[in-house]
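There are 2 protein chains.
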Amino acid sequence: MLKNDLLLRAAKGQETERVPVWLMRQAGRVLPEYRATRAKAKNFIEFVKSPELACEVTVQPVDSLGVDAAIIFSDILVIPEAMGLPYQMIEAKGPWFENTVKNKTDVEKLRIAQADDLNYVLEAIQLTKKELNNRVPLIGFAGAPWTIFAYMIEGSGSKTFSKAKQFLYTQPELAHQLLEKITQSTINYLQAQVKAGADLIQLFDSWAGVLSEKMFYEFSLKYMSKICDALQPLVPVTVFAKDAHYALEKIAETHCNTIGLDWTISPKNARQLAPNKTLQGNADPCLLYADEKKIISETQEMLRTFGKHRYICNLGHGLYPDLDKEKVKLFVNVVKEFK
Amino acid sequence: MLKNDLLLRAAKGQETERVPVWLMRQAGRVLPEYRATRAKAKNFIEFVKSPELACEVTVQPVDSLGVDAAIIFSDILVIPEAMGLPYQMIEAKGPWFENTVKNKTDVEKLRIAQADDLNYVLEAIQLTKKELNNRVPLIGFAGAPWTIFAYMIEGSGSKTFSKAKQFLYTQPELAHQLLEKITQSTINYLQAQVKAGADLIQLFDSWAGVLSEKMFYEFSLKYMSKICDALQPLVPVTVFAKDAHYALEKIAETHCNTIGLDWTISPKNARQLAPNKTLQGNADPCLLYADEKKIISETQEMLRTFGKHRYICNLGHGLYPDLDKEKVKLFVNVVKEFK
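So the sequence lines, in the order shown, correspond to chains A and B. So that you can map any letter, position 75 of the first sequence is 75 in this note's numbering, and since no number is skipped, the others follow by simple counting. So that you can map any letter, position 174 of the second sequence is 174 in this note's numbering, and since no number is skipped, the others follow by simple counting.
No lab work stands behind these hints: they were computed from the structure. Where hints are given, some of them may not hold.
Copies of one chain are not kept apart here, so a pair can be met inside one copy or by any two copies together.
[Stated by the list, open to error] Simulated crosslink set (DSS-like; lysine-lysine; CA at most 30 Å straight-line):
| hint | residue 1 | residue 2 |
| --- | --- | --- |
| 1 | Lys294 | Lys102 |
| 2 | Lys242 | Lys163 |
| 3 | Lys325 | Lys102 |
| 4 | Lys40 | Lys268 |
| 5 | Lys42 | Lys93 |
| 6 | Lys327 | Lys93 |
| 7 | Lys294 | Lys325 |
| 8 | Lys104 | Lys293 |
| 9 | Lys195 | Lys293 |
| 10 | Lys268 | Lys163 |
| 11 | Lys222 | Lys42 |
Generate the whole structure from the sequences, applying the supplied hints.
Next comes the structure, spelled out in structure tokens:
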């Protein structure tokens, strides 16, 4: 059905004519057309909750950057909200929760999110699938349970997430109860995304890097692994645990298909540690500040190092808002023209 | 001369009766007596510039925590200031520079700092040496050139340091000129610290982790290596490049004596990658939020994994201000009693 299924074939370990490419945060402020659509909504939450606007910005980078996949525009924090913990997105600051989780009562008060609670995302997926008209696959996503947990405890972003980690060290059993609830909510949500049309699912563990190896296995990977199991064999799953350089071998033992890499990981090491998985990444977003010559040479070097098989090209993190759209396009084209 | 020279012997690779222990940010807000001394100064800069107050807080943890070394109380940003780029420390926000470095003229305007420019630190070291009366060694320190550069370009802390990295990608030659100036300033400064009495020097590369492996070698390690060379054979040198997990083998090729590790690095891997160096670290500061039983068992496990030889116990990052002093003391005592 799909005219361009490079992403799905690469994720499944099948041969592809060329390396597929998409970009984290491609539906974002780097595109002038995104900023125009964003201006139609009163605030970020209203924007996320509008299936029409979400669909519009999801499709934009497929048209204007020529990427090989769309990723549904949404936010990882829709899960805490659906569980009973609403948030605001404060300009230039990031997410902020009026209430946070502190104790057993707080955990017990939270409900397990059901697909219905997130109908606006499911509608956005359905609309987008129609709009894409099978040009490229649509990626669905969710935050990893640990990352969601971290925001629910901390109440905002943090350099250290020391409150969230304090919770793990002082109330490990309660932490597991909450992580279990988040995991169940996320499974309900992602299974519904697949039913609505998502062709591949990515889990974002944005704050994996603040955990030690041991803590990551106990409080993060265990739950991501459950989610991978719950989505198999429906769709391929990508696990992106940012800065969890220590965990590649163990991530490769889960039932994910693809492992996302940040730019501190060497492609060669990753291939050795996860030979059975597709790899995704991992250019430094700041490379796209460089001149054209450097963007071309560094991107080609990265492509040669990863090799064409079992590889999905991307950055090692989301696009920064102040990057030049033309340079982003150049990056995409270098990948598409690579032989 | 020194009554307790465990730290220096461990750094030099000599046998020690027991593992030495000190803590990054031990002269800090975790101690009530620090907060009392801090209140005597109008602001942070005045505090840093007072040799008497700096001496007072440097000695406090030796008395009250029983650590095996003092580290001179100061700030890594005294170097930009001495080069002509003053900063403020804004409560709950961190450092802030009114002027930042943007172009060639800005780089040329900066002077190479001389020992005299930092007399207040040298005086603090002399005072502290007297006050310590040879009880334990005194550690001197500086920021790594890349980390200093990052603040000079960015003008404040940052999650991504994307402006500083943009500078590396777009003006690499100018970046090297500035890094060279910072390196010369730092060498002048550290050689003077040694002359004033510092027994060991630690370089803090706090923002190593935002760089890719290749960029780290080109823009950070090269300059830290120069500083190591300039301090040999005067005193042992410790390189702590936070989150530069990818670089252990190359750091081990410099003339440093000790490699500092954050808590995401496994002691076993570090031993394999840097068999010729002393290792320092690497408990998660958040462990000290846990109950006593857990602090004891996890600390003992870490000690067993590192082994008693060529090891200096520490955290993997600075103490967090809201930790309980008694638990910090417990950690120190567990190390000191370890057989």
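Here is what the structure says about each hint:
no.	hint	result
1	Lys294 to Lys102	between (49 Å within a copy, 21 Å between copies)
2	Lys242 to Lys163	both (19 Å within a copy, 21 Å between copies)
3	Lys325 to Lys102	between (43 Å within a copy, 23 Å between copies)
4	Lys40 to Lys268	neither (45 Å within a copy, 54 Å between copies)
5	Lys42 to Lys93	both (17 Å within a copy, 29 Å between copies)
6	Lys327 to Lys93	within (27 Å within a copy, 33 Å between copies)
7	Lys294 to Lys325	within (16 Å within a copy, 51 Å between copies)
8	Lys104 to Lys293	between (56 Å within a copy, 22 Å between copies)
9	Lys195 to Lys293	neither (43 Å within a copy, 48 Å between copies)
10	Lys268 to Lys163	between (36 Å within a copy, 28 Å between copies)
11	Lys222 to Lys42	neither (38 Å within a copy, 49 Å between copies)
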